[in-house]
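Residue numbers (my numbering), protein chains in the order written: chain A, 122 to 454; chain B, 122 to 454.
Note that these hints are calculated values from the structure, not bench results. What you are looking at is a predicted structure, and each value in this text was computed from that prediction instead of being measured. There could be a bad hint or two in this list.
It does not matter which identical chain is meant; a pair holds if it fits inside one copy or across any two.
[Stated by the list, open to error] Quick list of in silico lysine-lysine cross-link-like pairs, DSSO-like style, CA-CA up to 30 angstroms: (1) Lys153 with Lys208; (2) Lys223 with Lys155; (3) Lys327 with Lys260; (4) Lys125 with Lys288; (5) Lys327 with Lys296; (6) Lys260 with Lys153.
2 protein chains.
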Amino acid sequence: MNIKTLAGQLGFSVSTVSKALNDSHEISTETKRKVLELAKQLNYTPNAYAGSLRNKKSNNIAVVLPEVADSFFSQAINGIESVAQEKGYHVIVYLTHEKQRKEQTILDDFRSGRVDGVLMSVSCETTSTDHIRRLCDKKIPVVFFDRVIEDIAVARVVTNDFEAARKATIELMAKGCRQLAFVALSDKVAIMNHRLEGFKKALQDKGLLFDDRMLVNCTSSEAQTQKALKHLLTSASRPDGVLVSAEKPATDIYSICNEIGLNIPADLKVIAFSSMQIAALLHPPLSTITQPAFEMGKTAASLLFKALEKSNFKLEREFVVVPSLFFERASSK
Amino acid sequence: MNIKTLAGQLGFSVSTVSKALNDSHEISTETKRKVLELAKQLNYTPNAYAGSLRNKKSNNIAVVLPEVADSFFSQAINGIESVAQEKGYHVIVYLTHEKQRKEQTILDDFRSGRVDGVLMSVSCETTSTDHIRRLCDKKIPVVFFDRVIEDIAVARVVTNDFEAARKATIELMAKGCRQLAFVALSDKVAIMNHRLEGFKKALQDKGLLFDDRMLVNCTSSEAQTQKALKHLLTSASRPDGVLVSAEKPATDIYSICNEIGLNIPADLKVIAFSSMQIAALLHPPLSTITQPAFEMGKTAASLLFKALEKSNFKLEREFVVVPSLFFERASSK
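Using the sequences and the hints, build the whole thing.
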């Protein structure tokens, strides 16, 4: 019993049957149905197909996220769902709450086959990649989106972090800012470093020096982050502009400015990486670098399903950049 | 082989063994270990214990939600996690996207033992309770929070929906509103009806009639909801005040007012049920009825774990009301 017998009985070519088993877009739904039906009937399970069957057993894909109280992540989930639903898969959301240890436990748990594939954005604490390697060793496909790790061969979907940050910084300088601050979510996450590099490059091109005191790294403790931001905004050499690389600290800055009586944008211009749909409703409306969250989730999920459906798809080589959009609003005018 | 034999062999009282099997806090870890070890060795499985073992096998609890892009739900998840983490359980989030059919598929999938217990807020479409009954039949404990169904004996954690809505309506009338509208998420969800009843009661006590045209029911289609809200706000007999029973339509109303040039609060006063942490940063700051989201999640999870740990706990009788707080801000002044 091999693929030739199958092809012979169906009156199709071997290539057609092979493509049908790998769910190729070149093959019609009707042909696929016929091939799969006979394959099932004859209990035909070549390696690739068996692999595919093995990978598909739970019909669940996992989305591992630092948190959901962030517009980017909640919209990305919707993008992921839009693909999964079509494929008849469940999406299950696991939260790391920005803890590397929790992320490790969650991923290790997947090795038992609880899920068929994993989409993830790493926690701001994650420095080790052992737990991700252990998952890859089990042949469970993984796609990183947004917050990626770069020193491991895993598929990645990101935005143009360096360029978006560079342009936003140029924008702030064009509006008259001379003392610019950068708020990072963490110094451990690669995309944050790209954004910081873009920020530094813009300063450098303008002949401005980067001042270490103008860099705030958020932590998983909200209270600590707020303290650091307040310190920045009340210091003698406080910035007159700030590029914020995440949503939560941007709204923290609004609250602190309200509290200490700094006027946005007169005293401080603000641009933030944020997918917040109500950015335009804030007082003042917040200028944002908006990642196409839904698109990024959708793209990441599409890659994952390609890997689940085609055993010869080299998932780990995939690297997709989905550009962000800049929305200028009153906070940076 | 019964509990007496077990007690005899261990040299403990029957009561001690029984409590140990039910994981009572009165019994030391060491004693529990001894009892469980011998029980396992002798394959001792009285009904309650078998049930308990069966319930505990996955170490996962499910949180089934309509969506996560809502501050209430994202904060409630954190409250749930705070309890689950302490108990060594994983929290897995499943999204129904407000579809009854999706909710049914998800719950039916749990019957295989994928999760040990379920915390849920029903979709705005959910009218049938069959899928919940099927889960209960499998002895998988369920706790509803926020969006509950009332015609089924399941534990419930809610806020004081009727009273909070009544008081907010009185507040709007005290500020001069005479034509009040109510925006409901759905006419199928019990808590929405309680809120609507509270709204109507306040009108009635003031001698005002409830006008059907002043009621907008949101749907799972955002575009449809926005159209209905725009229709309401541009009609000849448009309201001068609105009580909004969910977060998303409240921000939709802000956007529409911006678009059509209605001033909040001069032309329209707004109070919304919302746990949005940035309500105070909106323009104008939004008055909210804020559900204690974290507390409600925590309470619901605590009830679920009580049921998982104590086989004689009558979970289905539990009904907890956690009161909301009213924050008056510029939108209703």
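Original post:
Any hints this thing doesn't respect? Which numbers, in order?
Top reply: Numbers 3, 4 - these are the hints that the structure violates, sorted from lowest upward.
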